[in-house]
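J.: For reference, the chains in residue letters:
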Amino acid sequence: MGQSESSGKPLGGSAGIISILVPGGLFVWFLQFLPAVAAGETILFRYDWVPALGVSIGMLIDGLSLSFALLITGIGTLVTLYSSSYLGGHVHYSRFVCYLLSFMLGMLGLVLSDNLLALFVFWEVTTIASYLLIGFSADESKSRRNALQALLVTGTGGLAFLAGIILLGAATGTFELSEIEGSLAEHPLYLPIFILVVLGAFTKSAQVPFHFWLPNAMAAPTPVSAYLHSATMVKGGVYLLARLNPSLGGTDLWFWTLTLFGGVTAVFASILAIKQIDIKQVLAYTTLMALGTLVMFIGLGTSDAIKAAMVFLLVHSFYKASLFLMIGVVDHGTGTRDATVLRGLTRAMPFTALAAALAALSMAGIPPLFGFIGKEFFYKASLSAEIGMFWVTACAFLASALMFAAAGIVAWRPFTGRLAETPVTPHEGPWAMLIGPLLLAALGLGLGLFPDYAEVLVRPATAAVYGAAVEVDLYLFKEVNSALILSLVTFALGWLIYMGHGTLRDRLRRSPDRFDPGWDRLMDGVLAGCKWQANLIQTGQLRRYIFVTFLTLAVALVWTIWRAGLVPTMELGDDLRVKHWAVLIAITAGAAIVAFTNSRMTAVAALGVVGVGVALIFITFGAPDVAITQLLVEVLVVVLVAVAMLKLPQMNVEHVKAVRVWDLLLALTIGVSTTVVLLTVMDTPFDLRLTEFFEQASAPVAFGRNIVNVILVDFRALDTFGEIAVVAIAALGAYALLRGTRRPNP
Amino acid sequence: MKSSLIVRAATRLLVGLLLLFSIWMLLRGHNEPGGGFIGGLIGSTGFILYAIAHGCRAAREALRLEPQTIAMVGLGVALAAGAFAAIPGDALFTGQWLFLWPSEGSKGVPLSNILVFDIGVYLVVLGSVLTLVLALEEEV
Numbered sequence: 001m002g003q004s005e006s007s008g009k010p011l012g013g014s015a016g017i018i019s020i021l022v023p024g025g026l027f028v029w030f031l032q033f034l035p036a037v038a039a040g041e042t043i044l045f046r047y048d049w050v051p052a053l054g055v056s057i058g059m060l061i062d063g064l065s066l067s068f069a070l071l072i073t074g075i076g077t078l079v080t081l082y083s084s085s086y087l088g089g090h091v092h093y094s095r096f097v098c099y100l101l102s103f104m105l106g107m108l109g110l111v112l113s114d115n116l117l118a119l120f121v122f123w124e125v126t127t128i129a130s131y132l133l134i135g136f137s138a139d140e141s142k143s144r145r146n147a148l149q150a151l152l153v154t155g156t157g158g159l160a161f162l163a164g165i166i167l168l169g170a171a172t173g174t175f176e177l178s179e180i181e182g183s184l185a186e187h188p189l190y191l192p193i194f195i196l197v198v199l200g201a202f203t204k205s206a207q208v209p210f211h212f213w214l215p216n217a218m219a220a221p222t223p224v225s226a227y228l229h230s231a232t233m234v235k236g237g238v239y240l241l242a243r244l245n246p247s248l249g250g251t252d253l254w255f256w257t258l259t260l261f262g263g264v265t266a267v268f269a270s271i272l273a274i275k276q277i278d279i280k281q282v283l284a285y286t287t288l289m290a291l292g293t294l295v296m297f298i299g300l301g302t303s304d305a306i307k308a309a310m311v312f313l314l315v316h317s318f319y320k321a322s323l324f325l326m327i328g329v330v331d332h333g334t335g336t337r338d339a340t341v342l343r344g345l346t347r348a349m350p351f352t353a354l355a356a357a358l359a360a361l362s363m364a365g366i367p368p369l370f371g372f373i374g375k376e377f378f379y380k381a382s383l384s385a386e387i388g389m390f391w392v393t394a395c396a397f398l399a400s401a402l403m404f405a406a407a408g409i410v411a412w413r414p415f416t417g418r419l420a421e422t423p424v425t426p427h428e429g430p431w432a433m434l435i436g437p438l439l440l441a442a443l444g445l446g447l448g449l450f451p452d453y454a455e456v457l458v459r460p461a462t463a464a465v466y467g468a469a470v471e472v473d474l475y476l477f478k479e480v481n482s483a484l485i486l487s488l489v490t491f492a493l494g495w496l497i498y499m500g501h502g503t504l505r506d507r508l509r510r511s512p513d514r515f516d517p518g519w520d521r522l523m524d525g526v527l528a529g530c531k532w533q534a535n536l537i538q539t540g541q542l543r544r545y546i547f548v549t550f551l552t553l554a555v556a557l558v559w560t561i562w563r564a565g566l567v568p569t570m571e572l573g574d575d576l577r578v579k580h581w582a583v584l585i586a587i588t589a590g591a592a593i594v595a596f597t598n599s600r601m602t603a604v605a606a607l608g609v610v611g612v613g614v615a616l617i618f619i620t621f622g623a624p625d626v627a628i629t630q631l632l633v634e635v636l637v638v639v640l641v642a643v644a645m646l647k648l649p650q651m652n653v654e655h656v657k658a659v660r661v662w663d664l665l666l667a668l669t670i671g672v673s674t675t676v677v678l679l680t681v682m683d684t685p686f687d688l689r690l691t692e693f694f695e696q697a698s699a700p701v702a703f704g705r706n707i708v709n710v711i712l713v714d715f716r717a718l719d720t721f722g723e724i725a726v727v728a729i730a731a732l733g734a735y736a737l738l739r740g741t742r743r744p745n746p
Numbered sequence: 001m002k003s004s005l006i007v008r009a010a011t012r013l014l015v016g017l018l019l020l021f022s023i024w025m026l027l028r029g030h031n032e033p034g035g036g037f038i039g040g041l042i043g044s045t046g047f048i049l050y051a052i053a054h055g056c057r058a059a060r061e062a063l064r065l066e067p068q069t070i071a072m073v074g075l076g077v078a079l080a081a082g083a084f085a086a087i088p089g090d091a092l093f094t095g096q097w098l099f100l101w102p103s104e105g106s107k108g109v110p111l112s113n114i115l116v117f118d119i120g121v122y123l124v125v126l127g128s129v130l131t132l133v134l135a136l137e138e139e140v
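These protein sequence lines are chains A and B, in that order. The numbers in UniProt numbering rise by one with no breaks, and the one at position 153 of the first sequence is 153. The numbers in UniProt numbering rise by one with no breaks, and the one at position 74 of the second sequence is 74.
With the rest of the complex left out, here is chain A (with noise of 0.2 Å):
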């Protein structure tokens, strides 16, 4: 990892301030906005982008926006603030806090966009930047290998999501999503949308089997992780899912699609958060499970499932942030993060040990804190459910379980008990350090006592996802009932897991991890695959290009003269004199020559008997600049093919025997499909506007007599120019690739 102590400038010099100063910025100005939201309403800003396209840039903030973007923002003003901090004496910390800020803008366009175009620009922007993110430590294989696997992971994900809103935006006319109404379960469309967004949802926040990415991602400086992993990036494909339920959800496929993946994630991904050894990697796991256990409510789609979700969303960002960020300090302050080594630190780090525990207390959903309101809502919305009942109170049941031990053992552990020895001395963190995990973790306390405040949010952000306006109304305690009794069998059940989380630990890290390795062998089958095909087109002799290339046409060609029925009339013009007759003999022996003859010499001059006929006849006809340039260019060829064939070896006379054949074939094809194909546009009558407004305008608009080069030069100037930049360019090119082969020379 990247880190030094801290640099001698405060707050790490001017790319630290400005990077604190846009998300703080940012956040109070979306705070202007919650009032009016609380209120139910929603705000539309629209700015036109590509209006040929129908993509616009539109605002849209509504509860669940804006309660992500508080979330991007708030969380954001903490993360940077911490970082100029933790890599503030990095050598690339400007850049460090570029690709931050990008990620942070990219997350919130993508889930303030109201258009799905400009929405999905920004989901990949995400994409790539946080792909920088995690291969921030570029000079190690690892991080190179984990961000190229994020990036392939949700970059695929990314294209089936795209596929996907076209699709949407085929089915209901519009990409704006304030103007998509109702629900499309009955369009015909619905399969191939559903499957598509789902793929990249899933891909974007790792569900089973897309997981195996996000642990992975840890590779990047933990203020990265805290931000990728709470309110962000992982975080999109939950937004988008959450965004589209209105019109997509409520059907029985998104019902078992969503609680089933997301159920398998929560579970799966909490007994592997047990088997960790670094913290860093058991918070990554939990992470999982937050994600899947979103998606499994917002698969469930009552209106108590979606309460609960998005209590959720605000319970996990604030605990896990604060945790992630924790788990900084306490790096920088013993450098070690095993959670087999860490102990007693509470003397030597206090403060970072009362963030600690309080945020850990909301992740095991330990009263008065705000992670106990959302494990209540949770179990309460899933002992209603009507359907799926079993299955999602289990495994909401099961991962809550798992989430206690798995809190006591990144926050209890290492700070209890008598103090271990850590390869550097414990001490704490600087003050830029801990204000954001003791402000986030003091929200959870703060929120938990008083959860009329996250009402304000919760409220227009279910509606928002629900689809229609839903009582919320957090308490912390009630009444005794099933979900009050749920709960405290959680903690005993993940008391025991705690207890016993050491040999539990160890059983599970002897059996092998399957999706990381997996995930290796189809890369590189996919590099085999890539090389297998490689070797099979690209054979590197130009005779088989140009035989492709020419095959190619000559099967357009025919193909479209069959399917067209295209026959020429053949009725050549009465006005064919000897000296016609005279050039096409002379081309016709020119090529019959090209064909037989078995040198070189002879065939390029031959060919350039062909290129001279060519350029009588534009004479004859009336071209005298297409003349003129042809001979030019005929010359030139000459001139080129000569000083080529110096370095040709010896050509094999009986390898161009074998082939001529088929040479001859293609050949004859092309130039015979070619013919039938002017003949029957010379029958169809022309067009002549065009040349009477060019014989017309040329001299008294252009000052110009000679029409070709006025047209060139004047009427249609600009698409010369665009020829000129291809010629030069491709000089160019040539010229690279000349002297690119070059031996060195002496």
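Mixed in with the good hints there might be a few duds.
Computed footprint of chain A on chain B, listed as stretches where at least three residues anywhere in the stretch have a Cβ under 8 Å from a Cβ of chain A [to be verified]:
1. 6 to 17
2. 27 to 33
3. 38 to 44
4. 91 to 103
5. 118 to 130
No wet-lab data here; the hints were simulated from the structure. Idealized CB from N, CA, C, for every residue including glycine.
On the provided structure of chain A, position chain B as indicated by the hints.
T.: Quick look at chain B alone, frame taken from chain A:
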């Protein structure tokens, strides 16, 4: 490789003539067959002839600028000529004309950005062809 005396002597004359001819072709292009494209091709044959007779190094020295540079300058000239139309507020690449000293029966000496554009085309073609041919000849 030393080329024959006849070729070298003839080249001395021909190169000058070809270059002059190419500029003449460029200038007459608006009314008679010719233009920047053809002019550029003729000009490059002049230099290629010189390279065949006296070697590529001599041809490069005669050019003074790298052929790639000439091509890029030409592209810039053409773009500038097109962009010039924006000054009077027309769309890009609109022809702008100025006739100097008009008199009875004659419009006067025509000046236009069109000619500048054609000069740009000339330079691009000359530079690109020479880039290719000289690099190829030196390779062999």
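J.: Next, verify each hint and record whether it holds.
T.: Okay, the hints, checked on the actual structure:
Only when three residues or more bring their CB closer than 8 Å to a CB of chain A does the claim for the stretch 6 to 17 of chain B stand; here the count is 0, and the claim is violated. Evaluation of the coverage hint for the stretch 27 to 33 of chain B: fulfilled, as 5 residues show C-beta separations to chain A shorter than 8 Å, against a requirement of three. Counting residues of the stretch 38 to 44 of chain B whose beta carbon lies closer than 8 Å to any beta carbon of chain A gives 4, which meets the minimum of three for the stated coverage. With 4 residues bearing a CB less than 8 Å from a CB of chain A, the stretch 91 to 103 of chain B meets the requirement of three and the coverage assertion stands.
Judged by the Cβ-Cβ criterion of 8 Å, the stretch 118 to 130 of chain B is covered by chain A as claimed, because 8 of its residues qualify and three suffice.
Violated hint: 1 only; the structure is consistent with all others.
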